[in-house]
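Using the hints, put the two standalone chains together into the complex.
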Amino acid sequence: MVEPGLKILTYSLTLLISLAASLQDPQEDQVENKRLIEVVETDSIRYELFVIEDAEGVAREYLAEIFTPVCHTDKCYPVYINFYWDLLGNFQQFEMPEGEILTKLDHIPFEEEDYEQLEAILSNENSILGDYSITDLVGSTNTAESNGVDAVTGATSKTIQNEVISGAVYSCYTLWHLAHGNLAERTRAHTEDQHTDKTLIRFLESGHHPYQYWALEKIQEKGAENDPRFAEPLLQMIRGKNIFLATHLLKELPTEMFHSQGRQAWLWETFEESPYRLQMHILEKMASLELKPESQMKLLAQLEESNPAQRKRLFEVLRKQQNLGKAQQEMILTYLGKGLWEQELLAVLEIQNKPEKEVKKALKNNR
Amino acid sequence: MKRIILTCCLLLGISLVSFAQNRVLVEAESFEDIGGWVIDQQSFDVLYSSYLMAHGMGRPVEDARTTVHFSEGGKYHVWVRTKDWAPFPTGPGEFQLAINEEPLDDSFGVSGSADWDWYYGGQVDMKKGENTLEARDLTGFNGRFDAIYFSTEEGDVPTNDNEALLAFRKELLNLTEKAKDVGQFDLVVVGGGMAGTCAAISGARMGLKVALIQNRPVLGGNNSSEIRVHLMGRVDQNHNAKLGRIVRELDNGDPGNGNPDADRYGDERKLQIVRAEPNISLHLNTHVYEVEMEDNTIKAVIGRDIATNQEYRFEGVYFSDCTGDGTLGYLAGAEYRMGRESRAETGESLAPEESDDFTLGTSNLWASLEREEPSDFPETPWAIQFSDEYHIDDHKADWQWETGFGNFNTIYEAEEIRDHNLRAIYGNWSYLKNEKPEKYSHHELAWVAYIGGKRESRRLMGDHVLTQMDIQDGIMYPDGSVTATWTIDLHFPDAKNSQYFEGEEFFAATKHIKVQPYTIPYRCLYSRNIDNLYMAGRDISTTHVAFGSTRVMRTCGMMGEAVGYAAYVARKNNASPREVYTLHLNEFMDIIESPLSIHNLPTLPQD
Chain A
1 MVEPGLKILT
11 YSLTLLISLA
21 ASLQDPQEDQ
31 VENKRLIEVV
41 ETDSIRYELF
51 VIEDAEGVAR
61 EYLAEIFTPV
71 CHTDKCYPVY
81 INFYWDLLGN
91 FQQFEMPEGE
101 ILTKLDHIPF
111 EEEDYEQLEA
121 ILSNENSILG
131 DYSITDLVGS
141 TNTAESNGVD
151 AVTGATSKTI
161 QNEVISGAVY
171 SCYTLWHLAH
181 GNLAERTRAH
191 TEDQHTDKTL
201 IRFLESGHHP
211 YQYWALEKIQ
221 EKGAENDPRF
231 AEPLLQMIRG
241 KNIFLATHLL
251 KELPTEMFHS
261 QGRQAWLWET
271 FEESPYRLQM
281 HILEKMASLE
291 LKPESQMKLL
301 AQLEESNPAQ
311 RKRLFEVLRK
321 QQNLGKAQQE
331 MILTYLGKGL
341 WEQELLAVLE
351 IQNKPEKEVK
361 KALKNNR
Chain B
1 MKRIILTCCL
11 LLGISLVSFA
21 QNRVLVEAES
31 FEDIGGWVID
41 QQSFDVLYSS
51 YLMAHGMGRP
61 VEDARTTVHF
71 SEGGKYHVWV
81 RTKDWAPFPT
91 GPGEFQLAIN
101 EEPLDDSFGV
111 SGSADWDWYY
121 GGQVDMKKGE
131 NTLEARDLTG
141 FNGRFDAIYF
151 STEEGDVPTN
161 DNEALLAFRK
171 ELLNLTEKAK
181 DVGQFDLVVV
191 GGGMAGTCAA
201 ISGARMGLKV
211 ALIQNRPVLG
221 GNNSSEIRVH
231 LMGRVDQNHN
241 AKLGRIVREL
251 DNGDPGNGNP
261 DADRYGDERK
271 LQIVRAEPNI
281 SLHLNTHVYE
291 VEMEDNTIKA
301 VIGRDIATNQ
311 EYRFEGVYFS
321 DCTGDGTLGY
331 LAGAEYRMGR
341 ESRAETGESL
351 APEESDDFTL
361 GTSNLWASLE
371 REEPSDFPET
381 PWAIQFSDEY
391 HIDDHKADWQ
401 WETGFGNFNT
411 IYEAEEIRDH
421 NLRAIYGNWS
431 YLKNEKPEKY
441 SHHELAWVAY
451 IGGKRESRRL
461 MGDHVLTQMD
471 IQDGIMYPDG
481 SVTATWTIDL
491 HFPDAKNSQY
501 FEGEEFFAAT
511 KHIKVQPYTI
521 PYRCLYSRNI
531 DNLYMAGRDI
541 STTHVAFGST
551 RVMRTCGMMG
561 EAVGYAAYVA
571 RKNNASPREV
581 YTLHLNEFMD
591 IIESPLSIHN
601 LPTLPQD
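Residue numbers (my numbering), protein chains in the order written: chain A, 1 to 367; chain B, 1 to 607.
The following block holds chain B by itself, in its conformation from the complex (with noise of 0.2 Å):
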């Protein structure tokens, strides 16, 4: 009895797994060549994935092609997770997605509706074994999806939920267990601008053992050719002598911003600079979004390669948070604020009255060249429409062109703040070109930045708090380490573009106030709560309105130095970064006082 019962049971197992379904996912970052196509990952803490985007300033843009294996040939139903990004009524990111060369009945992109979905494609045949997939962009105007989905069985449509789809991919792209291990840091930096590349230089050149972590194919983060911001913030009125040294290696001279000359901003120079650390292990392309912590300190971080989704651990001592958006330390738990503080909480004078979640905005740059011949550009009824009365008459975008301001979040948004840059910038280019062709017939959009440069985000909190007062009072904390020089320097939406996009401006003005140079103390540079966590950059430990002068990339990567030797004097005497400044505040003042490259300190044995 026990034996037949065992076999129904056997049975019915077999005749379960050979009923199950057939499902294969392909992520479009992973394609195998993304041909024209470019990686989006900055919407990563929201969809955890990347995302292929046809940035085409109205060109279509090559296929991207890729070859998919099934293990079981049959019909399978086909979703693409994508959306309309210009609902308006309908958005110009048109696209098709071939089968085996075959393209679907419908087209993607323009459904009218801009949540991120996934869209029916039908039934397809695919062949047992290898099957090619293209993604083929209509009209160069920013179209884009997630994933592909494929099943046998109908109606199995994947969530929409993120946290529950992130599950789901893990589960389709076999992603649980396969964290490879990178190894053990001394210093583990978190984001590669230049707080970042600074930071890891600086602890790789006094002996540290550095992992530095950039989710982007290019270092340099604002200041890379991806989004051309020029430095700002002197260096050469620095309290401290030996801070300013890597900043100014990295400094690949001024091209003002948004130049249409990508070699100018020095990417190669960033990269062959941090190259030629062996301490060094250089991590592109892999976006960090999960910790491992034990109590009050971060253990390890996991990120993922943004094209290829294999996830990568980093155990580290100590870890700087130089990502911008402060991420590392909100998924650690670290004390953080974002928005404006009241004036009755600062005691600041440019303070506002009532605390509140404004932040300065977000640019994407842009350049257009005159060229020989004159050229045309599309109507573009789906992006912002000007006229006589209102436009912006100018070939390229300066640091004016800004989205966020309490409109739209700086983090969770940073999509609809990168669209509606584009609608901005668009919209306005196809008036000054279909309208003003006396001055603009012959001109030529070079380069639009597709992926967002951004200002404010966290402020992750210190054991001080930078507040207006310490810099224009010119307070010298006895841990005062970087000198900074900008103005209280703090956006605005511009008047007349809030007269006419009350709510969702794009255009921003400003007022200097200015400053002597001042130090920002070395307390702001590690957090209150987290014991192992540095940062550097624009995510410090200041007051919003102390933020408007600290913000600028020359002084950000003065920070990441100073957070590098800081780490060195915590690694040398198994300290916490709070306890360099209580216990071994002299030794970490005379590094970066000293204007000797030479010191006589020991580096650390390397293993």
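Isolated chain A (complex conformation) (with noise of 0.2 Å):
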């Protein structure tokens, strides 16, 4: 038999293991894998390459773990540092291995403003240290004037500051050719290389640009983008919160994706909930349609709620609509009726296919 005591120990070191379990950082429920995929070593560099992987062996990210001697003249010291891309090779950030710092020149350490604003250099794709030689870049900020433009670069010494740390520029230079040159592109081709159909509805789905302009390339590739597996999450980017996406997508996708009654009443409720632009961008496809009985009164009515910019638009897309309805065509009588957009509607009517006999009549009537 068994002490209460005991009992009452053994349960309350199992709560509070538990306890201690639950609280753990939640990440570390997913185990992360770290596969190496490459090892380098030259004079001028030493790095272990490795995929991040989550507890599904799905790839999140790529890691470096990099040696590389910053050099000036002569001297030469030793840098430890870890950078961190997406899946395409985009920088994200770095970090630094335990017990690991970086110093200026004469050893000074970085204090925690450098390491931000090493960040913010690091994180610039487009900035100047990818234009010039690290031997202008030293000369620059040696002589950059107070009050106007720099000799070499003709940048601002405004702009220099902001894109340099002084007393650093050799460790800014090196390990902004590191975020930016050959390492990211081995990144980026190992994805092209490992990539699956999977992958590509991940990266749609992921919200983070540079995947989805990047997967919609590769289905582009294939024609595969009416394929039911990648047609819902291309068309969900419309109705998401990135404009830009959104109108890059509208341009891009076939019309043969639209061709369908469903289709066309997703893209009118899509209308319905955009901002003004995308409005404007959804009409424009729109007129390379040919839209089915529903969508054609959808236009119709829209015309009285528009704007007149929004209005001539609207027209663009009725007049490449040959084949209008009954129940559309006698709408048009009806504003016509009180006097509305009588030249617009009429070239409308105009073209008519199957023209009603009110409408016939009046053509005549206004020629």
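Heads up, some of the hints might be wrong.
[Unchecked claim] Below 16 Å or equal to it, Euclidean Cα-Cα: the simulated EDC-like pairs (lysine to aspartate or glutamate) are:
id : chain 1 : residue 1 : chain 2 : residue 2
1  : A       : 241       : B       : 379
2  : A       : 251       : A       : 284
3  : A       : 251       : B       : 379
Everything labelled a hint here was simulated from the structure, so no lab data went into it.
Structure representation (structure tokens):
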């Protein structure tokens, strides 16, 4: 028979352990797997490149544990640093390995703000660090005029100050080129090589626009936009928060995707909840579609709701619709009866393949 | 028989008069109390009028109020001249008009159409005598109106043709014969930016009787607190020692671009320096829009007060176009260019293959400040839309926020440019406030310019046209006067901004081409075909490429100084600006080369 004391002890211990376990960082539940894919060692750099995968083996990002000497004239000092890229080689962030620091010339350690500035510099794809040689930049930081413009780069002194850390120009230069050079290319190439259709779907749904554009490109290469697995996530992005992506998709998706009544209804629903500019792009797309009767009705009804610029677009769409149904033609006649948009509406009626009797009469009266 | 006919005619005449309609026109800018509204005159050269605008950065501004006298009471139809400035689909500039405390049924400014038009407000009972009008802003987002028209006759809508409308305004405001003669001057300087202000001070200190006419309530132009561009170009590299002193006096230190602290730009300093000159007759809030010519000589200019619409006439011996836009030159028929010349035409390596109408853009700077408390900013569906993929992550603007580039005309589409800039600013700010609260929750818009800071308009042609080769080869002409130091700094649309907003870019990039200090010939500072016209500032005689370097404000200020000295030499010798070069160049060069403040030349007698 177990002593009550021991029972209580065991019970409490179990409780404590499970409590501790649940308080652990939730990320650690997903066992992140660091899978080595490449090791390189030259006289200027040594790195180990990993792909970070989640518990299900899905690649999430790339990590390089880097050792590189930063040299100027004849002095070199070692830098140990970890770089992270997303799956398409876009630099995400850096980390200092345990116990390592960065230093400026004369071994002055980086301050917190220097690390922050370095983060900003490395994240800037368009840095001047990419446009000039190291000798030019060093010359610039020494002579940039306070009130004007630099001798070599032609940038104002303010721009140069923002893009390098004084006393650490060499580090900035070396590290920036590491973040945006061959190594980044390697990661992207790896993803290109390894991706599957599942990757593409995941990318489309990721909300991360570099992934989304890239996935669309791959899908377009296969001509698979209307493949049901891809079509849904593609269409969803038109309703997403990123108006640039939505606009791009509207332009790129083939018109065959919008032939069906279902898709056209979906498109009109999207119109109703979209910002103005996207609405105009949707109308532009509709001008290349043969609209089903329900969509025709929606457009005609929208005429009354729109401002002059949008109405103009609506007429452009209507002028392409040669097969308006009876109800639609009657609606146009009703507008004409109210004296609205005579010129534009008559132009629409003129091109009808199957004009109703009333329409023929109206056209005759207006010749 | 004759008497009967006469009596009939008389009776007919009387009845015609009594059946005549009663009409009253009220200009918005003439409201007695404009409250929190502002007067925008930047479209004057298109609309021939200013208008009131509610520039509240999203907070409704205080009502504008006025009283109007009606000689006859009764039922009047009322129209408001207004527009929807952001019809995407409808804009935010909504306002109400209240007559004798009663608001009209419909609000204005949200029609979905961007054309200036007369919008019907219904019929109202007006009292004989005094009636009150109130303009009530509803959103703080730039609603605007130009005028209010009352008529007892139905359907009596005024025209929208701006020139015909000008005649109509003059008729109803009794402006036709009433341009007040201000006087006769040795030098009439039109434009009170850095160039104009320096020209006026320079001429005045040499003893000239000077009129300085500026179309804003403050001096300084782009360097005033209304636009907040800092002074660039150096004054310490001068080949000619005398130049740069007046610029230094006016220089209030460098606050950067778009600093939220208005005082840093030294409006008061500039005004006080000008007011201390007894020879300067200063006229603020006056926009010059007409000239009187005698063959190729300007006899007088007519300016209109941007608020009261009172017209003023200034006669002068010499005139200086410091308007930036080259307005005076244009009105006088001076030769000018606008846009880029082709490489074939100028031989400049930086010129484009083909000539075009591309000009540098116009900026509306803005700044936010971090506060103790968090704040909201509304969604702005009518503004430009951004996303995480593209937006401009900054708490204030610098020079890059710029619209124009041949997409919009700097002069005739100034309103569209400003409105486009506002839609970029508010749309971007709305994105930052609503989607990046971790960074911007406590930031609040502190200042947004409502007057655009223009860079490039017309360039008036002189006896010499400064080119890229003049600059890069450092040619020292005998009349080299102002020393310029700025790079050839030609803006173009930022590549990423172009990617997302082709044809309507609002963000710029540049490439600075460094120069050694060089001099601008005096012959670039007077018109080649108008006999008594000087120019100083961004409208002098250069190619587009060379303009990229001469355009900065300390350099422009020194041009003004030079013009003042030249006008003195001309006046003293009864010479034309050109004759100062052909006959009196040594006298002019002596003055500007002299390091001494005192020189052995008599000042002109004052009358």
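Against the structure, the hints:
1. Distance hint between residue 241 of chain A and residue 379 of chain B is fulfilled; the C-alpha atoms sit about 13 Å from each other, no more than 16 Å.
2. Of the supplied pair hints, the one linking residue 251 of chain A and residue 284 of chain A holds, its CA atoms being roughly 9 Å apart against a limit of 16 Å.
3. Distance hint between residue 251 of chain A and residue 379 of chain B is unfulfilled; the C-alpha atoms sit about 26 Å from each other, more than 16 Å.
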